[in-house]
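Sequential numbering of the sequence shown, starting at 1, is according to full-length UniProt numbering.
Derived by calculation from the structure, the hints in this document are not laboratory data.
None of these values were measured; they are calculated from a predicted model.
A portion of the hints provided could be inaccurate.
Unchecked claim - Beta-carbon label-pair distances, calculated as ranges:
{"#": "1", "residue 1": "79", "residue 2": "39", "range": "31 to 37 Å"}
{"#": "2", "residue 1": "60", "residue 2": "171", "range": "36 to 42 Å"}
{"#": "3", "residue 1": "39", "residue 2": "149", "range": "21 to 27 Å"}
{"#": "4", "residue 1": "156", "residue 2": "88", "range": "32 to 38 Å"}
{"#": "5", "residue 1": "82", "residue 2": "40", "range": "35 to 41 Å"}
We put the beta carbon where it would ideally sit given N, CA and C, even for glycine.
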Amino acid sequence: MFRVRRQFAALALTTAALGATAALAAPAHAAGATARVVGGIVIIQGTTGNDSIDVVQSGNSVRISSVLHSVTSGGAPCVQLGAVVSCPATQLSVQARMGSGDDVVRVTSSTIDTTLIGNAGTDRLSGGSDRDFLDGGPGNDFLSGNAGVDSAQGGDGVDSCTAETEVNCES
């Protein structure tokens with residue numbers, strides 16, 4: 001009888017330990033996107049899930065936020081301001097690299113060149129008022145360069161593009 005109780009207790013402890021390990025190994029996308037500066041480029045790294053990222057230039061800063069996940073600063077010169085990351089607008093360009101989810105990236109009020117990469121999924125990429133390069137990747141994407149001289153590359157799938165130069169865009 002006592003032997004069965006000890007075996008049951010050992011089994012319960014093992015189950016609890018495995019549960020704690022699984023919780024610690026939760027997917028990285030739960031943490032949200034990150035924003036950092038590398039070589040004069042503001043790099044926004046999306047998650048492997050769905051993202052909705054807003055990039056707004058306000059005065060001498062570029063502010064990055066999300067309505068789906070948190071956005072975290074990857075370090076100086078970007079700073080965390082609550083749920084928003086602020087990076088200096090003196091950088092050369094902004095590059096957003098999304099993961100494999102259905103992503104939305106909107107750039108507004110920006111006079112900085114942008115590169116938006118959607119990767120797999122149904123992505124909606126919208127550039128700012130300067131030169132933009134939009135790459136939807138695989139999936140049915142909606143790419144809009146807005147103002148400036150823009151390039152859009154649809155990739156595999158049925159893609160809708162609005163840009164001065166369009167490649168692999170069906171409409």
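**Study point:** Broken hints, by number
**Key:** Of the numbered hints given earlier, those the structure breaks are 1, 5, listed in rising order.
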